[in-house]
Amino acid sequence: NAGVTQTPKFQVLKTGQSMTLQCAQDMNHNSMYWYRQDPGMGLRLIYYSASEGTTDKGEVPNGYNVSRLNKREFSLRLESAAPSQTSVYFCASSGSGSGNTIYFGEGSWLTVV
Amino acid sequence: GENVEQHPSTLSVQEGDSAVIKCTYSDSASNYFPWYKQELGKRPQLIIDIRSNVGEKKDQRIAVTLNKTAKHFSLHITETQPEDSAVYFCAARPKAAGNKLTFGGGTRVLVKP
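Just so you know, the sequences run in chain order A and B. Read left to right, the first sequence gives residues -4 to 108 (my numbering). Read left to right, the second sequence gives residues 7 to 119 (my numbering).
Hints are not guaranteed to be accurate.
Unchecked claim - In silico EDC-like pairs for lysine to aspartate or glutamate, Cα to Cα no more than 16 Å straight-line: (1) B:28 to B:11; (2) B:48 to A:33; (3) B:74 to B:33; (4) B:118 to B:89; (5) A:9 to A:74; (6) B:118 to B:21; (7) B:48 to A:101; (8) B:74 to B:62; (9) B:43 to B:89; (10) A:52 to B:8; (11) B:43 to B:8; (12) B:43 to A:74.
Stated by the list, open to error - Reference listing, derived: stretches of chain B covered by chain A, where coverage requires no fewer than 3 residues with Cβ under 8 Å from a Cβ of chain A: (13) 50 to 58; (14) 105 to 119.
In short, the hints are calculated from the structure, not lab data. Computed from a predicted model, the values in this text were never measured in an experiment. No residue lacks a Cβ here, since even glycine has one placed at the ideal position from N, Cα and C.
Looking at chain A on its own, in the form it has when it is part of the complex (with noise of 0.2 Å):
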């Protein structure tokens, strides 16, 4: 039971680059997510997928798309990347409904030059 597993870990793009962000959970949840954490800043939500097929803003969305293409996994784009989405991005998932525990992928740690 390996939780939830993002990659790369570790990714450098040149502005205007795109990449995605892969992510997948094994604990059956419904609920997935992706935040970025800047210093100082907290963990900010970019986009929300309640389940399989439904897709939501968070509170950062500009310059991100995603697709929660089956239960398990929830991938980010960067379509064309910039400077300010230099970021540690982390995905995340939780069982349905209010007060079910969110559980942390280990980041993905983005630089863009």
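Mind docking chain B on chain A? Use the hints.
Only chain B this time, still in chain A's reference frame:
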């Protein structure tokens, strides 16, 4: 939407002393308040949570208190140990937000031996 403020941003304590972190939230409909601990380079992990129908919850050396009237909640760590050194995040979830959390900016706790 919900707004969560967390204080202090850094906290240095002597081993064995207590540490207190405070958070305020803006949405009176929030009903779930988890605390996450993040060690350097690691993922955030849930350490304790409290629901709006409870005023206090304890788990060994950590406790959380909630004041719904004042819209603030606090994390208390007693008898601090070096392994308590980490960044701590509070979060709040409005009832209407599904399972989406809004995080505070984090508190870096350093426990000095």
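Verification of the supplied hints:
Annotation: proposed proximity of residue 28 of chain B to residue 11 of chain B holds, straight-line Cα distance about 8 Å (limit 16 Å). For the suggested pair residue 48 of chain B and residue 33 of chain A, the alpha carbons sit about 14 Å apart, so the restraint of at most 16 Å is met. With a CA separation close to 10 Å, the supplied pair residue 74 of chain B and residue 33 of chain B stays within the 16 Å bound. With a C-alpha separation of about 10 Å, the suggested pair residue 118 of chain B and residue 89 of chain B falls inside the 16 Å cut-off, and the hint holds.
Proximity of residue 9 of chain A to residue 74 of chain A is assessed by CA-CA distance (about 12 Å); at most 16 Å being required, the pair is judged to hold. Our distance criterion of 16 Å between C-alpha atoms is met by residue 118 of chain B and residue 21 of chain B, whose separation comes to about 6 Å. Proximity of residue 48 of chain B to residue 101 of chain A is assessed by CA-CA distance (about 6 Å); at most 16 Å being required, the pair is judged to hold. Annotation: proposed proximity of residue 74 of chain B to residue 62 of chain B holds, straight-line Cα distance about 11 Å (limit 16 Å).
Restraint check for residue 43 of chain B and residue 89 of chain B: the C-alpha separation of about 11 Å stays at or below 16 Å, so the hint holds. As the CA atoms of residue 52 of chain A and residue 8 of chain B are separated by approximately 15 Å, the hinted pair is consistent with the 16 Å bound. Restraint check: the Cα-Cα separation between residue 43 of chain B and residue 8 of chain B comes to about 21 Å, which exceeds 16 Å; the hinted pair is violated. Taking the CA atoms of residue 43 of chain B and residue 74 of chain A, the gap is about 32 Å. The hint is violated against a cut of 16 Å.
Requiring three or more residues with a Cβ within less than 8 Å of a Cβ of chain A, the coverage given for the segment 50 to 58 of chain B holds, as 5 such residues are present. Closer than 8 Å: that is the beta-carbon criterion, and the segment 105 to 119 of chain B has 8 residues meeting it against chain A, so the requirement of 3 holds.
In the structure shown, a violation is registered for the earlier hints numbered 11 and 12, in ascending order.
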